[in-house]
Amino acid sequence: MKRSQPEEQQGAAPNKKSKQQSSVPTLTASTKAAQEAADARLARELAESEGLVLKERKERKRDSGSSKSRDMKLEKGNGKMVQQQDEQKPTPKLGSEDDSDDDLIIVDDPPPKPTPKKSLASFFAPKPQPSPKLKPDPEQKPSTKRRPSASPSKPSGGSFFATSIKKEAKSTPVPSTSKLVAVKPLDTSLYEFNPSTDVDTSLWPGGRMPYSFLTEAFVIVSATKSRLIISRVLTNLLRTAIELDPASLQAIIYLTTNRLGPAHEKDLELGIGSQVLGKAIRDVSGLTPAAVKALSNKLGDAGDIAFEAKKTVRLLVQPTPLVCHKVFSTLLSLTRLKGSGSQDRKTATVKQLLVAAKGEEVRFITRTIVANLRIGAVRLSLLTALARATCLSRKGGVGEGEEPEDEWWVTKAERARVLKELSAARKGKIKVKEEEERRVEQKMEKAEQLVRKVWARHPQYGHLVDALLADAFIDLETRVPLAVGTPLEPMLGSPTRALTEIYTRLGQRPFVAEAKLDGQRGQIHVSTTAPEGAEESGQGCWYDPLPGTEGKRLWVRVFSRHLLDMTDKYPDIAYTLSALVHRESTSAEPLTDFILDCEIVAIDPATGALKTFQELSYRSRKDVEMGDIKVRVGIYAFDLMYLNGESLLGLPFRRRRELLHERFAPLKPSDVRLARYDLVPSCTDNDPEKVKEFFEETLKMKAEGIMVKLLDEAEVEVASDEEEGSDSSGSPSTTSTSPSKPSMKRKGRRKVLPATYEPDKRADSWLKVKKDYLEDLGDSLDLIPIGAWHGNGRKASWWSPILLGCYDQDTGLIQAVCKCMSGFTDEKYKEINVRYALDGENTTKIRPSEIEAGNLKPSVWFVPQEVWEIRGADFTLSPVYPAAQSLLGERGVSLRFPRFVKVRDDKGIEQATSSEQLAGLYERQSEGGGGKARGGEE
DNA sequence: GTATACGGCTGTC
DNA sequence: GTCAGACAGATTCGG
DNA sequence: CCGAATCTGTCTGACGACAGCCGTATAC
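Quick note, the first sequence lines up with residues 1 to 938 if you use full-length UniProt numbering.
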C-alpha cells in the first residue's frame, strides 16, 4: 500500500502527496502495520512473562532485585497451586513491599514504566473510607435507580462497597482491599474528580492499577442503568488510567469491553465456556455439581454463581492482588494453549485466577472469561468515555503542567468554573442556564463524535489509544485513517415492515432496491502492494495467479460482518479478484487498491443459481485449499468504500455505485474453481409497482427480500402518518403549513438523510425489507409449548427459552420443532410463570409420553395444553429436532429465527400445525416458490 | 496406536 | 439473525 | 409560560438453528 491518505479529504482531490506535517506523526500504513506487529509482540511478551509460557522468567527475576523466588513452583503443574493455596498458612503481611508470598501468576512484575507519581495523593487524600456511596450526582437528576432485583445477586440498597468490604474485613484479618478504594468514588462528577489527588495509589502494586479498582468501576456501572452515570464512571476510570497508569490503558479497555484484541486478529479464542468454567468453579469451591446447578438455576449468571460459590471458601492465605494488565495478559495466554492436554492447563489457569480473585473480582473475572460481562456498557459507552477522558486528562501534546485552553482540552480552570457555576445555580443565584457547563459539554461531545467516527473507520483500540495518548485529537482522522487491510465497521440497514413504508420514509427521493441475498457479508480488501508489515504479521495473503489463468499478483484480505478475518476461507474469491484486477490493468487507471462490500452466496457452479444459506454453511472455514472446495460461491458486490488510494465514504451512494459499476463489471471466470463475481441484482425504477415486482423476483431467487438505498443526500419529513410522498418530494423547505389535520400530533420534523457510507450506523438511508417481516408473506406456525429452561441474566426468573412442538396427526404425538425466546414481553413471561409454575399441575419433571423431543432435555416439561403463533424466516433441516422426520427421512424440520407472536386461544392442540404441514412447508420452500405458507389455518 | 463418536466452543445468519 | 426494555432527549400537551 | 406526558432514537442484552473445529474419551 502507498502512503496513507487522509480519508474523506473532501472534494476527491485526486492527488494528495502526503501532506502531513512532519510535526504530527501520522499513523501511516507502515507505522500502522509496525504497530500491529508491535502489539502482537507486546502481547506475546506479556504472556510469556506469565506463568504459563514462562521460560526465562527466573533469570529476569534474579536481575531485578525485587523478585520473588517462587515462580518455579508454578512452572510445574499449575493445577497444584490451588491446593497449595488452601494449605499454606503464613499470615500475609500487609503492605510490606514484598507482600506476595504466594505467587499466583498474575502478580508483581516491577512496572515496565516509570511509576506515576503518587505522593500527592497520600497528602491530600483523607483516610480511605470504605463507603463511596452511589449517590445521585449533584448536577443530574437523582435517577440512580438500581436495577430491579430480577438479577438477584445485585446488592439491594445501601452502598455495595460498604457491605462487601465489611464482609471482606470480617473474613480476613487484613482488609487490604479497602486501602485501594478510590478516595472519591468513581461516580464523582467529572468536574470534581481528579485522579492524581483523588485516588489512593499507595497500594497499587508497582504503581499498576489493581484489578480490584477496575472491579469497583464494574460494580457501580452494573448497579445502575443510567447511561449518564455509566459514562461518568467509565470516564473517570479511564482518566485514572491515563494519568496514573497509561501502560495499562489498553488492557483496561479490553477488559471492560470484554474482548482480547481487535476483532480481525486471529486466534483470539479462549475456548472456555460455561461448562468448562462450571467445572473450575466446582473444583475451587468444593461444591457438588448439584449445588452448583441449583445456584445456576437461581442466579442464571456464571459470574454470580462463582461469586456465591466462592463465598463459602476460606483462604488461609490472602492471595496477592490481581493487577489489570496481568489479568489481561493471562487471558491472552490462555488463547495460545492448544493441543493435547490444553484443556486441563486452561482450567488450571482459570482456577488460579478464581482463587486469586477476591469478592467482586470473582464475579467479574468469571464473566470476562465466559465473554459476558453484562455491565450495560460495551463499545459505544466506552468510546465516549475514552473521548471524554482524553479531553479531561489529556497526556499528549502538552508539557507537564501546561494546560492550554483550546477546542479540545478541558482544563482544570474550566472545570473549576463549571463547578462554581453549578453550585451557584443550585443555590438559585444564577438565572442563566449553566453556560459554562454547556460549553464544556459541547467540547466533549465534539470529541465523542470524532472518536466514534475514527473508530468506525479503524476499529482498533490499540491504534486509537496510542494516537490519543500521543497527540490527543489533533489530526486524529489522518493518524488513524481508513486503510486497506484494516476493516471498517459495516453499514447496516434498518428493518422495514412494509413496502409502502419505503415511501413514507424516503418520500419520492430516488433510491435503488437491491436484492438482499441470503449468504454471508464480506468486506474485501485488495491491494497490488500489500500494507507493509502485513506479511510478517500473517494478515491477508498474497495470491499469484493460478497456473494457466490470467491474473495479477494481489494482496487480499476478506472480513466477515463482525470483522473477523476469513481470508483463508475463500481463496477462490482472491483468485477471482486477481483476474478482475488483471482485466482492468489495461484501462486508463488500473486498479491498485480498493475495499468492496459484498454478499458471498453459495451457488450452483453449473447454472449459477443461488443456493441456500444452509448450503453455504457447509463450507470449511480454515485453511481452505483450492483443490478441495466443495461449496462454490459467488461474490455479489453492492458497495465500494475505497478506491485507488482514496476513501469514498463521503461520496453519495449514487457516485459510489457508479464507480462500482464502471470499474467492477461482472466476471465469470473460465476456471470453474474460482468464485463468480457479479453485482448484486438491483432495480432503479422507483415506481411502487415495479418495486413490488422486483421484490417478488428476489424471493424467487431465494433472497430474503430487498435493501432499499437512498441515492443522494436528502432532507425528509419524518412522516406524520399516511401523509407521504405526494407532496413532500420537491422543496424541502415546506415550512409545514401545519400539515392537514390539527389533530395530527406530530407535524413532521425534518431530518437529513445522508447518502454517504456510514460505518457502524443502522442508517435510515438503508432500509431492509425482508419477506418475513411482512404480515402476509412470512411463515407462521401454530405450535404447542412443551417445555422450558431456566433463563439467564435479565431473564433469570423466567422460563426461557421455551420448547415448542407440532402435532403429528398420525401418531398423536407432539414433536419438538424449535426453541423460542424472542417476542415475549415481561408481562407474558409472568403469565407463563404462573401457568407453568414449577410445582404446579401444568409442569412435570419427566417427559410426558406424548412428547417426542430427541435428545433435548429441558429443565421442565409442560403439559401440552395451548397453541401459540410463532413466526420464523425459513425452515431448516435439523439434526436435533424430530419434527416431521418420519416424513422427510433422516432429519427433522426446524425454524430459523423463531419468535413468539401471540397465543391462539381459538385452537386446541389438535389444531396446531401438523407434521405433514411442516414437511409440506419445508418442501415448498426448497422448490423455490415463495408464497404464502401458513399452517393450520382453515 | 489409530479411528470414531461426542461434547463444547465459536461464528454465521 | 430476532426481540423487548430502558434511558435520554425532543416534542407536544395541559393547565 | 412551564412542567408533565409522550414519542423517537439508540443502546444493550438475552437468546434462536446450524455448521465446522478442536480436544477428549472410547472402541478397536
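Keep in mind the hints are simulated off the structure, nothing from the lab. A few of these clues could be false.
Here are the computed lysine-lysine pairs in the DSSO-like style, where the Cα-Cα straight-line distance is at most 27 Å [said to hold, decoys possible]: (1) Lys907 / Lys819; (2) Lys845 / Lys768; (3) Lys266 / Lys845; (4) Lys395 / Lys225; (5) Lys611 / Lys690; (6) Lys761 / Lys751; (7) Lys412 / Lys427; (8) Lys768 / Lys443; (9) Lys795 / Lys819; (10) Lys453 / Lys690; (11) Lys446 / Lys395; (12) Lys819 / Lys690.
DEER-style ranges, computed between Cβ atoms [said to hold, decoys possible]: (13) Ser340 / Glu910: 45 to 55 Å; (14) Glu927 / Gln442: 18 to 28 Å; (15) Pro848 / Gly608: 48 to 58 Å; (16) Val903 / Met701: 29 to 39 Å; (17) Thr312 / Ser849: 38 to 48 Å; (18) Asp776 / Ser849: 31 to 41 Å; (19) Gln442 / Gly341: 50 to 60 Å; (20) Val880 / Ala837: 40 to 50 Å; (21) Arg336 / Asp810: 39 to 49 Å.
Quick reminder that beta carbons are idealized off the backbone N, C-alpha and C, glycines included.
We went through each hint and held it up to the structure:
no. : hint                        : verdict
1   : Lys907 / Lys819             : 20 Å, holds
2   : Lys845 / Lys768             : 43 Å, violated
3   : Lys266 / Lys845             : 44 Å, violated
4   : Lys395 / Lys225             : 30 Å, violated
5   : Lys611 / Lys690             : 25 Å, holds
6   : Lys761 / Lys751             : 16 Å, holds
7   : Lys412 / Lys427             : 23 Å, holds
8   : Lys768 / Lys443             : 35 Å, violated
9   : Lys795 / Lys819             : 15 Å, holds
10  : Lys453 / Lys690             : 37 Å, violated
11  : Lys446 / Lys395             : 18 Å, holds
12  : Lys819 / Lys690             : 38 Å, violated
13  : Ser340 / Glu910: 45 to 55 Å : 54 Å, holds
14  : Glu927 / Gln442: 18 to 28 Å : 59 Å, violated
15  : Pro848 / Gly608: 48 to 58 Å : 49 Å, holds
16  : Val903 / Met701: 29 to 39 Å : 36 Å, holds
17  : Thr312 / Ser849: 38 to 48 Å : 41 Å, holds
18  : Asp776 / Ser849: 31 to 41 Å : 38 Å, holds
19  : Gln442 / Gly341: 50 to 60 Å : 57 Å, holds
20  : Val880 / Ala837: 40 to 50 Å : 28 Å, violated
21  : Arg336 / Asp810: 39 to 49 Å : 54 Å, violated
Comparing the model with each numbered hint stated earlier shows that hints 2, 3, 4, 8, 10, 12, 14, 20, 21 do not hold.
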